[in-house]
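Student: For reference, the chains in residue letters:
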Amino acid sequence: MVPPVAPLPFTTRLFFAWVCFFRVLFNGLFAAKVYALDSGEAPQLGPKPEPTPPEKKEPTPEKEEAKPRPAPVEKPPPSTDAALQLLALLQREGRFIDFIEEDVSGFSDADIGAAARIVHSGCRKALREHVKLEPVRSEEEGTKVTLDGNAQEVKLTGNVQGKGPYTGTLRHRGWRAVEIKLPVAVEGHDVKIVAQAEVEL
Amino acid sequence: MSKDGAKSGAKYVVGIDLGTTHTALAYAPIPADETETPQPPVMLAIPQLVAQGTIEARELLPSFFYFAHESDGPQALPWDPKRTYAVGEHARARGIDAPGRVIASAKSWLCHPSVDRRSGILPPGAPEDIERISPVEASWRYLEHLVEAWDHVVAKGDESLALTKQSIVLTVPASFDAAARELTTEAAYAAGFEDLTLLEEPQAAFYAWLSDRGDAWRKEVKAGDVVLVVDVGGGTTDFSVIAAVDKDGELALERVAVGDHILLGGDNMDMLLAHMVEQKMIAEAEAAGRTLELDRWQRISLQHAARGAKEKLLGDPKAKTAQIAIAGKGSKLVGGTLRTELTREEVQQAIVDGFFPIVKSSDRPAVRARAALTQLGLPYAQDAAITKHLAALLGRHADALPSKSKKATLLHPTRVLFNGGVMKSPLLRERVSQCLDAWLSEDGAEPARVLEGADLDLAVARGAAAYGLARRGRGVRIRGGTARAYYVGIEGAVPAVPGVEPPITALCVAPFGMEEGTSADVPGGELGVVVGEKVNFRFFGSSVRRKDPVGAMIERWKPGEIEELTPIEVDLPAEGRAKGDVVPVTLRSTVTEVGTLLLEAVPLQPRKKDEKWKVELSVRSTE
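These protein sequence lines are chains C and D, in that order. With my numbering applied, the first sequence closes on residue 201, and no number is skipped along the way. With my numbering applied, the second sequence closes on residue 623, and no number is skipped along the way.
One chain only, chain D, in its complex shape (with noise of 0.2 angstroms):
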């Protein structure tokens, strides 16, 4: 694919952080010849709408969609006077003023294992005059947005400049499952983007720190460093763990364990506390004798005070409080205005021990049996405890890597690098560092030395971009491949017995760390396929079992080890055959060089030439 964006005539290396909060851009010239030194990634400033009728050139793009009313007018953009939706700032202001109009999050909704996700969902509980649209298209127009402002602001009508035309490398959690991979690439190609790669989002702030230290970066990591990324954004957080391993004398970089997704994030943890601080004031307004409830004004005003305070206590360790100021109801400010503090007891107790509390390295997140009716809403994280999180990923993964004493009970990490806004904070980067060392130090081993990176915010795009240039040849990079195991799920053959499921064998048909551009014949499993009908196989994927080769049958698994996805549907066509007839296949599976899983099915007896069919990633209900 690099070769291609060459030859393509791609002029720059664009890096998008399509992420679940906010969605950024940031960009390098494609230097003219080998020699020449790179440009380090700069961010694009993408105009938007931030009021009616008011643009802006801001370098996060929330990832906010808004369904104007007839009443707001156009939506007008420079390019596009008569637009009846609006994403960005805009978009997310409204969704404060007329939720049921705005679409929020439509990335976690995109990974919603139980949903169709290519029909029009969003957002939930819309008013009736709305159509509404799926979690790809709502990614997809996010998307368009970019490539409408890059067009504006850098391609000026010049058509080799579009944006379309670049080499993009968009990110995508290291936790993303093949579907959900599969569905960001089928809204980066509707927004007309040619020469696409993904890359994972903990491996792209890695790439922002290389990038940032240049070639110093050897004197800090060294083979046999495993550096932990605690990558903490708005909606998400993900782990993931990079070995610097010996290559033949050369220092290379690989990809060993990525955690579960986690929708948990930073957003979770303002809104815990405009809760509190609510319910402070309603306590403090009845011991003075008044009844108080918020109007909507002031929710507005008590998320920002909220998340104000929280900033300001969680990043200055001096700071014993925060006051908090709540604007009156409608126009009048100043005899409305109700006050309280925040302190730092309380911001202490509510986000840096109610989400990173101190815990045992053999501490497991709680998992709930959950109730019939999640599917409705997003599967959050059931625990809020990050740290149990990291504690289960180190412990999945203890043996991920040839250890020097015997009885790791987890994964050591020897550095770490935190990524996102949460991590902003040296509170919560410290209590982190606090929690992992204790883990390392029970295990014997060192602690682990924190990498300082740069902008928290924006290091994902900028990573992303020099990424771009690093696959071009110029600087190293993160081998890893699938973060994976992937399984077709074949029923034995054994008479029905009312009440117990026929026992199920997964066939492997792309192996853990399968890498991109590579192709596996997947030997042993022929399947029967019904000619003119859809098909459906259950499909399994596990992040811990490095060793199946593909087509090893796995027959017993412990629990947790394998988990069931989507299923996969073949839908063959009748041509040349007749309908109803049931032809053996064998499967095939590429890792593409965009980044996704491609698996094919092989007629064992072809009628033509090169015969096979796409067997798709279902991202139907599991119903």
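Extracted from the complex, chain C is given alone in its bound form (with noise of 0.2 angstroms):
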């Protein structure tokens, strides 16, 4: 884990980790500079989230495919569909984007905490049906490991120099996503809905 500053809430940090969740899998840039963070300050973390909501999510999809870290993905359909799709589905469980959109300022830490428990339960079920994920490193965090460093599944921080095997402290064991299969859109659904609106009759 991030070698704590100040605690951050319950709530910054699922939220944190949703966001991250997305740009991780998503956005190869962006997976190397958490990677980069990984050290230290968890204050830069409070700022961040507010901006970073769906829209971003769109567009990063499409560079996704040249990278090798996702692997796992094997379903060839356009890349923005699924990350979409993969949206509309954490709404639908787990009222994501209604939770990420609304504006939670002005609401106190219980609040968000009851809103946050519909948000981790939904989306959790969500996910796991979805996104089977495992730690890169079986080893507990904090534990002593040697290793030769693979750069896709290990990155080397503090006083990084010399060659292979290194020794170090586990900080975090990583996640990779071994298994996902997302729901497949039917022929002219228009997958930039991810939530209908609704109306009673």
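Hints in this document: simulated from the structure, not taken from any laboratory. Computed from a predicted structure; not experimentally measured. Virtual Cβ for every residue (Gly too), placed ideally from N, Cα, C. Just to be clear, a hint being listed does not mean it is correct.
[Claimed, not checked] Straight-line alpha carbon distances no greater than 20 angstroms define the calculated SDA-like cross-link-like pairs of lysine to any residue that follow:
1. C:Lys-181 x D:Pro-78
2. C:Lys-144 x C:Lys-155
3. C:Lys-181 x D:Val-153
4. C:Lys-125 x D:Glu-59
5. D:Lys-332 x C:Val-194
6. D:Lys-332 x C:Gly-113
7. D:Lys-312 x C:Ala-195
8. D:Lys-332 x C:Pro-135
9. D:Lys-424 x D:Gly-308
10. D:Lys-332 x C:Ala-195
11. D:Lys-82 x C:Asp-190
12. D:Lys-614 x D:Lys-558
13. D:Lys-332 x C:Asp-190
14. C:Lys-125 x D:Lys-424
15. D:Lys-219 x D:Gly-192
16. C:Lys-125 x D:Arg-307
17. C:Lys-132 x D:Ala-45
18. D:Lys-219 x D:Gly-580
19. D:Lys-614 x D:Arg-477
20. D:Lys-424 x D:Pro-523
21. D:Lys-312 x C:Arg-124
22. D:Lys-82 x C:Val-186
23. D:Lys-312 x C:Pro-135
24. D:Lys-222 x D:Glu-452
25. D:Lys-332 x C:Gly-106
26. C:Lys-125 x C:Pro-135
27. C:Lys-125 x D:Asp-455
28. C:Lys-181 x D:Val-154
29. D:Lys-332 x C:Phe-107
30. D:Lys-407 x D:Gly-224
31. D:Lys-156 x C:Leu-156
32. C:Lys-125 x D:Pro-78
[Unchecked claim] Distance windows between CB atoms, simulated:
33. D:Arg-538 x C:Arg-124: 39 to 49 angstroms
34. D:Ala-216 x C:Gly-174: 54 to 64 angstroms
35. C:Glu-139 x D:Gly-157: 45 to 55 angstroms
36. C:Glu-139 x D:Gln-382: 50 to 60 angstroms
37. D:Trp-557 x C:Lys-132: 58 to 68 angstroms
Dock chain one against chain two, each of which comes alone in its own frame, and use the hints as you go.
Tutor: Written out as structure tokens, the structure reads:
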């Protein structure tokens, strides 16, 4: 884990975890930057999430194809469609977009926490049903590990020098998407509508 | 039928669990020859609409049917872009949004004795633009979806691999009577199945257990053991008792008793809990000086939250409370979220004590006099206490097996197998065991040991496929035959007395435990049938009279021992005879290989060779 400077409230962490999940998954550059941050500064996370929500996710996935990292993604459909499907799924099951798009600044932590429960349980269910994740390293965080330094799987931080094998402390176990199966859009379905408007008659 | 199946070139045995709330399909390739070890059945991930325009493959297909409105556009599937209805998860979800357009629990309607199950009655209270469909058609649509999904995923255009060409085992509740079985096969034939066998669901659960255990099951169940299967699903509760007996040195399994049809399951528990939480929230709001009324969004959210809380509290004995948060109106999530918590005591009281109370073995479910209007809805169980229904079953069949102790007041199970989503909770399993063991110890018998099962949601489909392999000579089979004896009512020829019903004699046409593939001519009962007219006979069934042979005339019986079913009818074509003539006939009963009861009327003086007419199990309203 990140060595704490000042602990963040749960809701911010949840929120940030989600944003990171998407961007790490679909944006290789961002993934690299997050790795660089891994050694430290949690307070930076505060302002960042506010402007990041969905708009940015739509364009970024186009670059995804070229990236070697999400190798387990085997489905061939156009990549923006897949991203939008995932977004729709998270909204449907966990009200994800509603939560991220809402201005939470005026609410108490208790109110946000209550809403976060809905988002957490719904999105977790959706995520677990569609993406199988496992840690990159199976050791407990904080244990000493010795490794060769596979650039895809492991990022060295701190006093980085010399040649492998390297010995250091495992700070973050990492995540690997072992399997991902996304819903398929029916032909003619407008995937840009990630949540329909509702009118009660 | 199994031989026919082999001839017809079926490549797979397919088990289908056509459930009240969910449908599932398991399959296994048929081994090429006797020496090959069969592969264990696997589940088909069924492609289905899960939201507007979104397809996903899931192991469970919710048994819901949605009539799309013109504003929805087509309910496109990969194999049919223009469909006007949806089956599965999207249909289920629309049931919350637009309840008037969705059919749920079609299976419960299929065994509703006082409605015409072949006529368009579903969904009840549908808007006028909907052409309602029958319970049979709804079941057919679910099966049709499986056929299309399979052909899309597995057969991929190969005609010989089409689902309709495979060897199908379709499960029905053990408590389904002859008419409900008949209707189920009607739906299956409409979907195009050719090689079909029915199997009782608790038996399927037991086959799944046998298949999981391999040969090791013989260590856990020995001759003399009596296995009670307790199957509590989303919509129904079903019990069966299977005895392991020594037949000429071989261990054989016999299904000796089945329970009544009980419309009571996990959905009732979720509804009760959601209602409780809603009341609690309203009370809390009132205490704080606010008024609270939940809108649709909030109710959906509440149902999910209550189910989640129930699963947590019933699944984890250490959990004291479960938080419940209900989403706000519209897209505003944070400000409008309502919170409360559900405590262990509340769930204990509502679910464990409410549905599984500790009762005496002599307790019986309460029966309320039915209001005249009940036939408009489903005949839900009038007593929610599942343990009382269980006590009734065991008490009623106390003498089903030769007992070691003379004064046994109930049938003594030595093993228990749980099945169905509800029984996933260790607390509920313990409660049932606790009740049962107390009854057994009062009766001087040993406690019953629990057989550890596998996946309680999917066992029925997997077990059905395993049975499909077993009936090809691969593995032990459970013998059972019909779970009831069937009777035709013959009115005594006595002068009519106003206000007094003429005495009726029950003529046994099919004995208890009549085996599949056997026929019996009914001696003694000569019936007069009018040519060219529909003639109705009263029809009865008994799940406790085990000894009545074919042709037995029963004049008196204890209340509840013989129950009236929907009537049967014969329609004799006028060909070769004058209209209005009375033709004397006798009856012949057959339990088909499929597992349905076939009654035929055979004229005493046939006009041509093998002349006979089918006696229909009427499924019309009893009015």
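Student: Would you mind marking each hint as holding or not holding in the structure?
Tutor: Hints, verified against the model:
no. : hint                                      : result
1   : C:Lys-181 x D:Pro-78                      : 17 angstroms, holds
2   : C:Lys-144 x C:Lys-155                     : 15 angstroms, holds
3   : C:Lys-181 x D:Val-153                     : 16 angstroms, holds
4   : C:Lys-125 x D:Glu-59                      : 16 angstroms, holds
5   : D:Lys-332 x C:Val-194                     : 16 angstroms, holds
6   : D:Lys-332 x C:Gly-113                     : 14 angstroms, holds
7   : D:Lys-312 x C:Ala-195                     : 29 angstroms, violated
8   : D:Lys-332 x C:Pro-135                     : 34 angstroms, violated
9   : D:Lys-424 x D:Gly-308                     : 13 angstroms, holds
10  : D:Lys-332 x C:Ala-195                     : 14 angstroms, holds
11  : D:Lys-82 x C:Asp-190                      : 16 angstroms, holds
12  : D:Lys-614 x D:Lys-558                     : 31 angstroms, violated
13  : D:Lys-332 x C:Asp-190                     : 24 angstroms, violated
14  : C:Lys-125 x D:Lys-424                     : 19 angstroms, holds
15  : D:Lys-219 x D:Gly-192                     : 41 angstroms, violated
16  : C:Lys-125 x D:Arg-307                     : 14 angstroms, holds
17  : C:Lys-132 x D:Ala-45                      : 17 angstroms, holds
18  : D:Lys-219 x D:Gly-580                     : 64 angstroms, violated
19  : D:Lys-614 x D:Arg-477                     : 30 angstroms, violated
20  : D:Lys-424 x D:Pro-523                     : 49 angstroms, violated
21  : D:Lys-312 x C:Arg-124                     : 15 angstroms, holds
22  : D:Lys-82 x C:Val-186                      : 11 angstroms, holds
23  : D:Lys-312 x C:Pro-135                     : 26 angstroms, violated
24  : D:Lys-222 x D:Glu-452                     : 16 angstroms, holds
25  : D:Lys-332 x C:Gly-106                     : 13 angstroms, holds
26  : C:Lys-125 x C:Pro-135                     : 18 angstroms, holds
27  : C:Lys-125 x D:Asp-455                     : 19 angstroms, holds
28  : C:Lys-181 x D:Val-154                     : 18 angstroms, holds
29  : D:Lys-332 x C:Phe-107                     : 12 angstroms, holds
30  : D:Lys-407 x D:Gly-224                     : 18 angstroms, holds
31  : D:Lys-156 x C:Leu-156                     : 49 angstroms, violated
32  : C:Lys-125 x D:Pro-78                      : 26 angstroms, violated
33  : D:Arg-538 x C:Arg-124: 39 to 49 angstroms : 57 angstroms, violated
34  : D:Ala-216 x C:Gly-174: 54 to 64 angstroms : 41 angstroms, violated
35  : C:Glu-139 x D:Gly-157: 45 to 55 angstroms : 49 angstroms, holds
36  : C:Glu-139 x D:Gln-382: 50 to 60 angstroms : 59 angstroms, holds
37  : D:Trp-557 x C:Lys-132: 58 to 68 angstroms : 59 angstroms, holds
The structure is inconsistent with the numbered hints 7, 8, 12, 13, 15, 18, 19, 20, 23, 31, 32, 33 and 34, although it conforms to all the rest.
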